Amino acid sequence: MNDSMIFGGCSVNTIPMASSATGFSTSGTAGFRSTTDECAVVLFRVRTHYSDRSRAEDPIRRRARQSSKRLTVYRSGGQILIEALDAHGVDTLFGIPGIHTLPIYDALYEHHRIHHVMTRHEQGAGYMADGYARVTGRVGVVLTTTGPAAINALTPVGEANAESSPVLLIASGPDDDMTPDSGYLHEMRDQFNTLVSVTGQGKRARTGQEIVAGVAEAMSFVGRRRPRPYVLEVPIGVLKQEYEVEPPTPQMYPPIVPSEADIQKAVELLNVAERPLLFVGGGAQDASREVARLAELLQAKVGVSANGLGVLSADDPRFVDTNDTPGWWISRADVIVAIGTRFDARTRSWIGSPEAELIHIDLDPEVIGRSLPAEVALVGDAAATVEILLSQLNGDRTSSWPEREQRAPEQEDDERTAAILTTLRQVMARDAILFNDMTLVCYRARRFFDVYTPRSFHSPLTYGSLGFSVPAAIGAKIAERQRQVVALCGDGGFMFTAQEVLTAKQERLGLPIVLFNDNCYSAIRRAQDREYEGRHVAVALDNPDFQLLAKSFGIPSVRVVSAKELGSEVQRAFARDLPTLIEVELERFEI
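Here this note's numbering runs 1 ahead of the position in the sequence shown, where the first position is 1.
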């Protein structure tokens, strides 16, 4: 059998463990090996049965349940999948059942450690898995049936890919004998490669053995590689087929760290730096303590990308205020330490071409030196790498940074926007989580909403998908029920995924949804004003009555026209165990 895996668009054939580069074996036993060959483990033994017996006629399964002494038991592909996810610590699935995925849902019937969240659309399920992953750092799992359901999930998977969010998309797929254009249910020409074209990596599992291997590979990305989505496609017949398996054994991998020679190069530069600056991105979200200690030791200023907000608290004296111009600080630094950032297009637009020597720390070697040349490349986990630097750097430093007065905001509507975002910040807890959508108020949020804790500020920055914030906030709230979570959205974006409010109601989530209503696609209208002399086409929105819509959903709602009302209603919403729709009428809004 030709078993293939896809990484970054390249197809790799599996080979026996003794010489395997991917870590998967096609022999009688299979295992996983880290890319550094530091550890390997036998995951399972498999024996396939080619009969399609019903559950009631399965004496082998019945005997296996009755005997607790057996090391191996017969399991359907659906059961193997659920048990593999459970073994890797997955506690939540987001999805909608389909005919082809019923073996998976039947396995969930007797498995109570995994909570299944039934959504109203696969796009909502994908965003929820993304939101779950962003706030926890763990893999968010979305489960779909074949064809249109899997394709519906691709937009949020694309969003997760752009923002380095670890989302596992599990989809049933056609059996190998189901040729395209044969008229089977949910027919697609090439579902697997369509999905992988967005994720860049994945596996089509043709046996129970390969299901376990695929789950293990998807989970190994966390802490070992740049977090990205992964697709696991399991043919319909494989989900029903039974295999004799041993329970999977997840692996714990040591963090990747740079070579000692590269560490020494960085230490030499930093020991003589007079105006060091740390610039942190989303890849440093789990290195908050280490970054703060490094900034203190070096007496360094700390700038952040939008994805890096919260790594260092906004009220830390070393933090470069985003209302200021971070480029001013960067242009005066003599050494820059970039941690977990790819220097995306927005960041490069105000960084320019700094003359400082650059030390670039990132888990993904491909991003180092791609946008800015690096004097020292440190490929490794952010927290582990910074910890090594801390152990070798000289202390007892004094800051050589000049003082600089803050500059006033310049945007024409900053006064209203600042009032909205400042009010939200005042009524939300320090560790509250904010989810933004693609709307004008949210574009300003990184400037006017102070972020104090890691993994608490999220936006669809790069892929830019409307409808992200509400379902992503639902996924986050399910993961962090004890924390405050708020979703911000525009009237246009809200209607993309409005039905997921019912998922929040079903889960009894106290989630304030702040909807900014100006009855148009404002950002596009402004672009038409700016670039096409005000020739407005297809930007006016004939909206529903959002208060009546919320009433039909069976959730509380309110319309506000001032910052004071907004703050009060958000506080009331936190006290409920239902989502609350708070409509902000921007045309009547008073500061």
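No lab work stands behind these hints, which were simulated from the structure alone. Just so it is clear, the structure is predicted and the values come from calculations on it, not from any experiment. You may find that some hints are simply not true.
Claimed, not checked - Cut-off 20 Å, straight-line C-alpha distance, at most; resulting in silico cross-link-like pairs (EDC-like, lysine to aspartate or glutamate):
#: 1; residue 1: K506; residue 2: E481
#: 2; residue 1: K552; residue 2: D578
#: 3; residue 1: K506; residue 2: D578
#: 4; residue 1: K241; residue 2: E188
#: 5; residue 1: K266; residue 2: D335
#: 6; residue 1: K565; residue 2: E591
#: 7; residue 1: K266; residue 2: E376
#: 8; residue 1: K241; residue 2: D177
#: 9; residue 1: K241; residue 2: D107
#: 10; residue 1: K552; residue 2: E586
#: 11; residue 1: K241; residue 2: D345
#: 12; residue 1: K565; residue 2: E481
Verification of the supplied hints:
Proposed proximity of K506 and E481 is supported: the alpha carbons are some 16 Å apart, at most 20 Å. For the hint linking K552 to D578, the alpha-carbon distance of about 16 Å falls within 20 Å, and the restraint holds. For the hint linking K506 to D578, the alpha-carbon distance of about 8 Å falls within 20 Å, and the restraint holds. The suggested pairing of K241 with E188 holds, with an alpha-carbon distance near 19 Å, which does not exceed 20 Å.
A distance of roughly 15 Å separates the Cα atoms of K266 and D335; the hinted pair therefore holds under the 20 Å criterion. For the given pair, K565 sits about 9 Å from E591 by alpha-carbon distance, which is consistent with the 20 Å threshold. Using a Cα cut-off of 20 Å, the hinted pair K266 and E376 holds, with the two alpha carbons roughly 9 Å apart. Straight-line distance between C-alpha atoms of K241 and D177 comes to about 14 Å, which keeps the hinted pair within the 20 Å bound.
With a CA separation close to 10 Å, the supplied pair K241 and D107 stays within the 20 Å bound. Straight-line distance between C-alpha atoms of K552 and E586 comes to about 18 Å, which keeps the hinted pair within the 20 Å bound. The suggested pairing of K241 with D345 is violated, with an alpha-carbon distance near 45 Å, which exceeds 20 Å. Of the pairs offered as hints, the one joining K565 and E481 is violated, with about 27 Å between alpha carbons and a cut-off of 20 Å exceeded.
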